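Trainee: Residue-level listing of the chains:
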Amino acid sequence: MAQELSEKELLKMEVEQLKKEVKTPRTPISKTGKEIKDYVEAEAGNDPLLKGIPEDKNPFKEKGGCAIS
Amino acid sequence: MATDGLHENQTLASLKSEAESLKGKLEEERAKLHDVELHQVAERVEALGQFVMKTRRTLKGHGNKVLCMDWCKDKRRVVSSSQDGKVIVWDSFTTNKEHAVTMPCTWVMACAYAPSGCAIACGGLDNKCSVYPLTFDKNENMAAKKKSVAMHTNYLSACSFTNSDMQILTASGDGTCALWDVESGQLLQSFHGHGADVLCLDLAPSETGNTFVSGGCDKKAMVWDMRSGQCVQAFETHESDINSVRYYPSGDAFASGSDDATCRLYDLRADREVAIYSKESIIFGASSVDFSLSGRLLFAGYNDYTINVWDVLKGSRVSILFGHENRVSTLRVSPDGTAFCSGSWDHTLRVWA
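Top line first, the protein sequences correspond to chains A and B. Mapping of the first sequence onto our numbering: residues 443 to 511, in sequence order. Mapping of the second sequence onto our numbering: residues 12 to 364, in sequence order.
Read the hints as simulated data drawn from the structure, not as lab findings. This structure is a prediction, so every number in the text was calculated from the model and none was measured. Please note that a few of the clues may not be correct.
[Unchecked claim] Quick look at which bits of chain A chain B covers, simulated, 3 or more residues with Cβ under 8 Å: (1) 448-461; (2) 495-501.
[What the hints assert, rightly or not] Simulated pairs of lysine-lysine, DSS-like, Cα-Cα distance not exceeding 27 Å: (3) Lys108(B) <-> Lys97(B); (4) Lys36(B) <-> Lys473(A); (5) Lys473(A) <-> Lys43(B); (6) Lys156(B) <-> Lys86(B); (7) Lys43(B) <-> Lys462(A); (8) Lys465(A) <-> Lys27(B); (9) Lys465(A) <-> Lys450(A); (10) Lys290(B) <-> Lys493(A); (11) Lys325(B) <-> Lys476(A).
[What the hints assert, rightly or not] Covered by chain A, according to a simulated footprint, are these stretches of chain B (three or more residues, beta-carbon under 8 Å): (12) 27-33; (13) 259-270; (14) 305-317.
Even glycine gets a Cβ: it sits at the ideal position worked out from N, Cα and C.
Assemble the whole structure, with the sequences as input and the hints as a guide.
Mentor: Following this line, the structure appears as structure tokens:
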């Protein structure tokens, strides 16, 4: 647990971790951002909260009254 | 000996400066990828229109603050847990309570539904995560079948089943996350690296492999490899505790909500923060975040009792939802994206659509 290690041990862990992270492969936002945008555009049609659902198909529509004929 | 003490301090100082210089290098490397802003990439995307989302169901029955909730895969049942120790399973269509159990502790801060829908997991100030099978036998005492799975040395803040009912991932105030086998209660892997309480976690969508993200009081969001127990990426741009983390539906990014009153989006492939969702008028912490199915909308619950809806691509707020009468503490979009449910310190849960 974090609290049980000495300051030196924690720092050593941090330095080791940072050395690894500096080497992480990265891609520019112009590419990854575009992929996020493309994903949204592809899935937007299937997103009920985004495009709305007709009241009669909405499982959470207001509970209607009874019609007695 | 005096000279040992001197040596000790030099090593500490040199470690500190090495850490600082590595952090600087990391910043430099990350800055190289910052060639454009997300909202610039999304400039030509059509703006969103007005949103009309309202409370469709109010679930009343908890006697105190609702702290956590989770949806069942059947898209209608939800489990919620409260400060008073009660854990309730609801049918959100009818608002009926189907199961209820009282935990032996107060502040049940975490609860989760098993993928099969046949069990729930919960825990909090008892420092444990326990699993309760759900049975429809009226004579069965739910509490009698309780199985203690996880043991931490401080409170349980979050829990989640993995792809099956067999394993649970937990996060704790003891600064660690852990993966457990439900049947045996065995610790399969532990995750060390946070410098303070871990408050939240989220598993990557199954297609993207075995990782999860956690957020903590050390202001860090960390991405972990579940098999090796290693942290693969860490982000430290928030200015206060991170209360909630949630993966983007594609698995390539995640959002966070923090006490610094902002929500942020971190792109895993660019290895950096790519958007901040904030407004000067929003000064209270964000407690809980979740995406709509396509990832276009980010729903965030706040300590000022509101829910803000953000346009993930453009960075703007598209709607603000009022209704809760106290802090919103938990928020999840339903599995098929037709609604989202929020839980609050006002003792209720609301389903919005």
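Trainee: State for each hint whether it applies.
Mentor: Outcome of the hint check:
1. 448-461: As far as the stretch 448-461 of chain A goes, the hint holds, because 11 residues have Cβ atoms under 8 Å from chain B.
2. 495-501: holds (count 3)
3. Lys108(B) <-> Lys97(B): Measuring from Cα to Cα gives roughly 12 Å; hence the hint holds.
4. Lys36(B) <-> Lys473(A): Given that 27 Å is the threshold and the Cα spacing comes to 22 Å, the pair holds.
5. Lys473(A) <-> Lys43(B): Distance ~13 Å between Lys473(A) and Lys43(B) Cα, so the pair holds.
6. Lys156(B) <-> Lys86(B): With a Cα-Cα distance of about 25 Å, the restraint between Lys156(B) and Lys86(B) holds, given a limit of 27 Å.
7. Lys43(B) <-> Lys462(A): Holds, because 18 Å separates the two Cα atoms, which is no more than 27 Å.
8. Lys465(A) <-> Lys27(B): holds, 20 Å
9. Lys465(A) <-> Lys450(A): holds, 23 Å
10. Lys290(B) <-> Lys493(A): Holds, at about 25 Å.
11. Lys325(B) <-> Lys476(A): Within the cut-off at roughly 13 Å; holds.
12. 27-33: Check passed, 4 qualifying residues.
13. 259-270: Since 5 is at least three, the answer is holds.
14. 305-317: holds (count 4)
Figure legend: structure checked against the earlier numbered hints; every hint is met.
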